[in-house]
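J.: Here are the chains, one letter per residue:
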Amino acid sequence: MRTIRIGSGAGYSGDRIEPAVELAEKGDLQYLVFECLGERTVALAQQARMKNPDSGYDPLLEERMRAVLPLCAGKGIKVVTNMGAAHSVAAARKTAEIAKSLGLSSLKIAAIVGDDVLDACKDGDLPIMEFDGSIKQLGNRLLSANAYLGAGPIADALTAGADIVITGRASDPALFLAPMIHAFGWAMDDWDLLGQGTVAGHLLECAGQITGGYFADPGYKDVLGLARLGFPIGEVGEDGSLVITKVAGSGGAVTAQTCKEQLLYEVHDPKRYLQPDVVADFSQVKVEEIAPDRVRVSGGRGTRRTDTLKVSVGYVDSFIGEGQISYAGPGAVARGRLALEIVRERLKLTGVAASELRFELVGVDSLHGPDVSACANEPYEVRVRVAGRTESLREAVRIGNEVETLYTNGPAAGGGAWKSARDVVAVASVLLPRDLAKPQVRFVGA
Amino acid sequence: MKKLREIAHSRTGDKGNTSNISVIAYREKDYPLLLEQVTSERVKALFAGVVEGEVVRYELPNISALNFVMSGALGGGVTRSLALDAHGKSLSSALLDLDIDDAPQQ
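Here the protein sequences come in this chain order: A and B. The numbering used here puts the first sequence at residues 7 to 452. The numbering used here puts the second sequence at residues 2 to 107.
Just so you know, not all the hints are guaranteed correct.
If we take Cβ atoms under 10 Å as the criterion, some of the chain A residues that face chain B in the derived model are [claimed, not checked]:
no. : residue
1   : Gly139
2   : Ser140
3   : Lys227
4   : Ile326
5   : Val431
6   : Arg448
DSS-like mimics (lysine-lysine), calculated; alpha carbons at most 27 Å apart, straight line [what the hints assert, rightly or not]:
no. : chain 1 : residue 1 : chain 2 : residue 2
7   : A       : Lys142    : B       : Lys30
8   : A       : Lys425    : B       : Lys45
9   : B       : Lys90     : A       : Lys128
Residues of chain A clear of chain B, computed beta-carbon distances all greater than 12 Å [said to hold, decoys possible]:
no. : residue
10  : Asp34
11  : Gly82
12  : Asp131
Honestly, the hints are just simulated from the structure, not real lab data. Even glycine gets a Cβ: it sits at the ideal position worked out from N, Cα and C.
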């Protein structure tokens, strides 16, 4: 039976780079995938592209490509990534330029376009899923609308001979499913195979989260070597059989426990994991340790895909102002609470217009609120934190200022004040009829 | 009486304004305890000050796991929340502190 090995070289845009180099060097891979595109990253990249038409792709593209391209070209490893963000063609051009400078001009580089569906969303004035409202009601706050494309166009690019495929918005598991479809010729309506392939993609897409990252809890779940955590490899057979493993000698661990945690990560109904290519069913999945750092995962299924694509809509939501200051030693909590009361009153007195405010003590109740945190012991030090949502940057600035002035006007011995004010680009979703997105493959000359 | 942390591990994920928390038994034989005692009602009560919407529990007997899906849990959504932990990644640690009564049934 034919088998391919797919490495996962990044779980988010800022992820460590050397585990990907280790995978390319020692992973015996045919494919290396980089998942680097968070929920709102396309919207931020679109803002960058509006300022500079040649930008709009992942800021670490050059560093990652320079690190892995010589190894990948030498070993014939194909690279698939969503580092194209809001401008996959510019990312492909940049990659071609890097390849040329490395003496690798023969690499064939493809960009996937067509995930930008802003016009189609405006024409249809589609309803927003998360709140009452529609695309048109967002007015000039609307920044971007990008459909989660499936594996089809990426597989097409690989079949057309691409060595590197760069996408914008695509479903994360689809980046991994595409090499399977290309290598094994899976039919796009073989729902069970696409479902099991989605299990593989879902397990791999967060890189270190399945090899022991986001897992360790000393005394309960110990993991060795987290500073040199190895990234995962999926061994996939043409019948959909799957083993998750990692490079021998790298840090971390692949166990039944790490695989089970990642299987349910960001999953709602496990029977209906909605993807552009299939509705995957994780409910019958089995996880079995077959050797150290080798876990077999079977039983993924699927049913027919839906008629719509999920579209991620980026918009300017509001502004957030924030301030922090610390207190320590005996009475730290009491002084922290006094500080919060002072700022609360000051924001009222000075008429700061905030639609939402949070007053909390980091180290006491900031993560889960006063109810869940009620039984904890008094800490040695606390950090006051006040955050508020406003309609303008000017108002947002005033919130941090009211915390900072505690230095000379607040409780005794407050130190380390910090403040910030920023605009908030948020994301919401709409569902677009599938045929309104028209993905294409574009090869870029080196 | 013991803590949930003694018999299960957990991971939190986020999508928009919805948080999901898995609870996975270390040993298959403890899965019935999870089914019986880690109910959506208890989880909703624990996170009363955090979760505004409903809490739905999904059961995965094949991997001895439960999956709790909590809507309105992330301060309006990961991308706009005022919270320090906008993703809610630390929520699983609160859940693992839940009391579990493991005395044999009379």
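J.: So, for every hint listed, does it hold in this structure?
T.: Here is what the structure says about each hint:
1. Look at glycine 139/A: its Cβ only gets to about 14 Å from chain B, farther than 10 Å, so that hint breaks.
2. Residue-level restraint check for serine 140/A is violated (minimum Cβ-Cβ distance to chain B is 17 Å; threshold 10 Å).
3. Among the interface hints, the one on lysine 227/A holds; its C-beta lies about 6 Å from the nearest C-beta in chain B, closer than the 10 Å criterion.
4. Using the Cβ-Cβ criterion of 10 Å, the hint placing isoleucine 326/A at the interface with chain B is satisfied: the shortest such distance is roughly 6 Å.
5. With 10 Å as the threshold, the beta carbon of valine 431/A comes within range of chain B, its nearest partner Cβ sitting at about 7 Å, so the hint holds.
6. With a least beta-carbon distance of about 30 Å to chain B, the hint placing arginine 448/A at the interface is violated under the 10 Å criterion.
7. The hinted pair formed by lysine 142/A and lysine 30/B fails the criterion: a straight-line CA distance of about 54 Å is larger than 27 Å.
8. Distance hint between lysine 425/A and lysine 45/B is unfulfilled; the C-alpha atoms sit about 34 Å from each other, more than 27 Å.
9. Taken as a hint, the lysine 90/B and lysine 128/A pair is broken in the structure, with Cα atoms around 34 Å apart against an allowance of 27 Å.
10. With a minimum CB-CB distance of about 29 Å to chain B, aspartate 34/A clears the 12 Å threshold, and the non-interface call stands.
11. At the 12 Å boundary, the C-beta of glycine 82/A stays outside the reach of chain B, the nearest C-beta of that chain being 35 Å off.
12. No beta-carbon of chain B is positioned within 12 Å of the beta-carbon of aspartate 131/A; the least distance is around 21 Å.
Of the numbered hints listed earlier, those contradicted by the structure are 1, 2, 6, 7, 8, 9.
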